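*Asks:* Chain order of the listed sequences is A and B.
So that you can map any letter, position 9 of the first sequence is 9 in the working numbering, and since no number is skipped, the others follow by simple counting.
So that you can map any letter, position 476 of the second sequence is 1476 in the working numbering, and since no number is skipped, the others follow by simple counting.
In case anyone wonders, no lab produced these hints; they're calculated from the structure.
Here the structure is a predicted model, which means the values were calculated and not measured.
Watch out, some of these pointers could steer you wrong.
Claimed, not checked - Calculated pairs, SDA-like style, for lysine to any residue (alpha carbon to alpha carbon, straight line, at most 25 Å):
{"hint": "1", "chain 1": "B", "residue 1": "1024", "chain 2": "A", "residue 2": "91"}
{"hint": "2", "chain 1": "A", "residue 1": "91", "chain 2": "A", "residue 2": "450"}
{"hint": "3", "chain 1": "B", "residue 1": "1164", "chain 2": "A", "residue 2": "284"}
{"hint": "4", "chain 1": "A", "residue 1": "421", "chain 2": "B", "residue 2": "1074"}
{"hint": "5", "chain 1": "B", "residue 1": "1194", "chain 2": "B", "residue 2": "1474"}
{"hint": "6", "chain 1": "B", "residue 1": "1070", "chain 2": "A", "residue 2": "455"}
{"hint": "7", "chain 1": "B", "residue 1": "1107", "chain 2": "A", "residue 2": "352"}
{"hint": "8", "chain 1": "B", "residue 1": "1164", "chain 2": "A", "residue 2": "282"}
{"hint": "9", "chain 1": "B", "residue 1": "1164", "chain 2": "A", "residue 2": "422"}
{"hint": "10", "chain 1": "A", "residue 1": "149", "chain 2": "A", "residue 2": "139"}
{"hint": "11", "chain 1": "B", "residue 1": "1107", "chain 2": "A", "residue 2": "432"}
{"hint": "12", "chain 1": "B", "residue 1": "1070", "chain 2": "A", "residue 2": "395"}
Claimed, not checked - To give an idea of the interface, some chain B residues facing chain A are shown, with a C-beta separation under 8 Å as derived from the structure:
{"hint": "13", "residue": "1011"}
{"hint": "14", "residue": "1015"}
{"hint": "15", "residue": "1018"}
{"hint": "16", "residue": "1068"}
{"hint": "17", "residue": "1136"}
{"hint": "18", "residue": "1137"}
{"hint": "19", "residue": "1159"}
{"hint": "20", "residue": "1163"}
{"hint": "21", "residue": "1166"}
{"hint": "22", "residue": "1167"}
{"hint": "23", "residue": "1174"}
{"hint": "24", "residue": "1182"}
No residue lacks a Cβ here, since even glycine has one placed at the ideal position from N, Cα and C.
Residues per chain are reported as follows:
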Amino acid sequence: MNNLDFILPEIFISLAIMFLLILGVFKKNSSNIIHYLSIVCLLITGILIINNPSGTQVTLFSGSFIIDNLSSFMKILTILGGASILLMSKKFLKISKIFLIEYPILILSSILGMLVMISSNDLMVFYIGLELQSLALYVLASFNRDQLKSSESGLKYFVLSALSSGLLLYGCSLIYGFSGSTNFDIISNTVNSNHYGLTFGIVFILVGLSFKISAVPFHMWAPDVYEGSPTPVTLFFSVVPKIAALTVFIRFLYVPFINMMDQWQPIIIFLSIASMIFGAIAAIGQKNLKRLIAYSSIGHIGYALAGLSVGTNEGLQSSIVYISIYIVMNLGFFSCLLMMKKNDLYFETIEDLSGLSKNHPILSLCFLIVLFSLAGIPPLAGFFAKFYIFKSVIEQSMYFLAIVGLLSTVIAAFYYLRIIKVIYFDEQREKYDTDHSNWLKVSLTLSTLLILLYFIFPSKLLEIVSSINVI
Amino acid sequence: MNFPILSSLIILPTIGALFLMFSKENNTTTVKYVALFTSFVNFLISIYLWVLFDPSISIFQFVEDREWLKGFINYKIGIDGISILFIILTTFITPICIISVNNSIKKRLRDFLISILIMESLMIGVFCSLDLVIFYLFFEAGLIPMFLIIGIWGGERRVYSAFKFFLYTLLGSVLMLVAIISIYWISGTTDIVKLYELGIDGKYQNLLWLAFFSSFAVKTPMWPVHTWLPDAHVEAPTAGSVLLAAILLKMAGYGFIRFSLGLFPLASEVFTPLVYILSLIAIIYTSLVALMQEDMKKLIAYSSVAHMGFVTLGIFTITQQGIEGSIIQMISHGLVSAALFLCVGVVYDRMHSRLINTYGGLVSVIPKYSVLFMLFTLAALGLPGTSGFIGEFLILMGAFKDNFLVAVIASLGVIFGAAYMLWLYRRVVFGDLNNKDLLKIPDLNNSEKFILWLLAIPVLFFGFYPEPLINTIEVSIKDLIEMYNFNINKYTQEVSINE
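Work the whole structure out from these sequences, hints included.
*Replies:* This is the structure:
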């Protein structure tokens, strides 16, 4: 039973979920305690992950579960993202009168699902993790159930996600049929690229996964769901599930099917180019900031996929760096969004930002930095994220991808600039409340400083990531 | 060489900006003095740097080399004779901008000064970076403060102009980024000094040259991608126009000399006709356009395009005189266009109109202004005795050496230049005084007088005695041209051996 030592974090978080659920049911008015306890649980899980006894790579449960540098790094990213989102969301939930015990518990269970996904080395394990996180996300999307839009977004997400899960399962069954196993390692030994069945299987699985990370052309759900969900849930959607799905992308493409790269590479390049261009162009007309960030996240996923399409360790490392920096930028963006509050009402259209710089100079400055970073202007962190991606893309002489990607940053810069224009150039309108929770202020300051000062020590993150080798 | 003097030049304005950020906004005098003090100290440091600088050697001096992105890019900065002049120009123009805000900036003064100081840091960074990626960082980061300067403090169509400025320059630059990364994979380094030694494989040079050209051409700006400049100039506040004309445009000229000639000699040889044609069109066409302008700032903006046409022409003659002339022309244009924009700013602050027909007969109302305006007008059209003459003369000399026809056409541009500048001066300063409001306007106040004379002194001084400038750049340029010719010869020999 030595195996259980290694999955202590997952065991701990499952027990914590059950305990918190029981506590919430039997103790009245316990939302506050549960909220903070769940953050503590997440942090403990994080410590357990860091204290992983193996150090190097281990596979457990007859090869279906894997713990290596990739999984540890991505898990810590997930945990940190989840914890900071919980910290930031309390005030919003209270004001929107949805401060219920279910919220942190649902987030914890979806994080559990992601942890399983990240460590999966087997199609079945991966599917179980995926479904666990998706089920929690359906409920979270419609968490503000009295609002029509929120319920609508939950339902939409459920229907479309179920469809994509179906495709994914079909892909799994095809791969099982043609390779005789669901285990990634065994598949990689028996894989034979002459089987068209395997190619079909890969395509189906890629479709399912692209749906989860909202890559074009499987992005249709994203804008509606992002807009309808309560803002902290939107933040969760835009950050955490992408980490897990990207890890699965990496593992699935690079472990069993690396020899079939010529088959999947064009698909990833197409997904990447389509996402970058579509994300840039479709965001131009948006008025709602949450919808806009949905399109922007589609674009950003395009860049992460560009790094993946390269098919080298450097490529996947650049994707991981990209997604890490992207998370920090998104946390900053949503911190700003959660600060646009007046008389217990949250604002979320671009026009509401009009002339923000006159009444709230510091908030505007942070917003400015985050937006320029999202646009990828040096010397902010967002530029380095793109820089690493294009560095690995150009190494393989994929100039077309690089030039398309960079041109779409120019288009994308336009809509980020438009927000800055509204903040800085337009006449002032709203004066927002300033009684923000301290956690929100901390997260905004931290993310802004990280973005702004990243250029001083750019190799730190790279050093950590460079230990991640899958091939 | 222990004290990192170049880094301190780069960082000092940013530290000043940080100070301002934490100071009280409504205390405008303190804010202004802090900014002025910082930029003035920076100017003194740069002068000290010029004194320490040894013009008799062409290698990079005051080099700082630190590990930055492990095993990939080093933070490497240093200067040679070409860059030091631009650094001094930057540190000289910035305090002048700061003094000039007295009259023109009415709102959010502190934020404006912060933007200007950060801009100064970035521009100095551009001129001393010795690594392509570091160069790109500084080059692009300048977009952020300039976007804000135009957008927040600009005129009526400021939003349109700010967007146009930002997107045009960004579009030009992304291709340069692709080229920089490609150079890294082709040559294994982005260190400029090493690249000078190694050279870049001939078969890649043409594409790389074009990618760099797309960025520099937009920034210069060359015809036909010059259209952002008049818009940006017209809408920017006076201090913003001064920065833009005096220094930002020079980044591209500097880039042509340092990168296009230095890194891609073969491609430069191939594309010289293209640059000649575009430069000539810029000189002739924009001069004609300038003649028709109703708006003073627009006229000067178009004249900037024409002057930068001379600069690009001079650079690609690849002769000692041509390149020297280009650099002197850039320095001179930096001073003169800054002064002209300030002159327009002076009357704009009083009358709130930039249209030429608002004015007329100013000579009898504000004589001191008219004298100084006259001086800068003549410098702009290149009258002997002003720095503008030295630049244009050397460029034309270089051009005659290289291609007679090109030189003749370019000389026509000098005549056009005289035409539009003199006509502008006649319409604004002479003629009948029709507008009664003009009678009430006061002559130059002390700060205006001060900054205009401050600009007039170097214009006249270098006009009569350009030795210090030429001494500083001579050896570096000579070396650059030698390296250029050496590479060309090496390549032609290789080709003949292969055949």
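*Asks:* When the hints from earlier in the document are held up against this structure, which numbers fail?
*Replies:* Result: hints 1, 4, 13, 14, 15 break, sorted rising.
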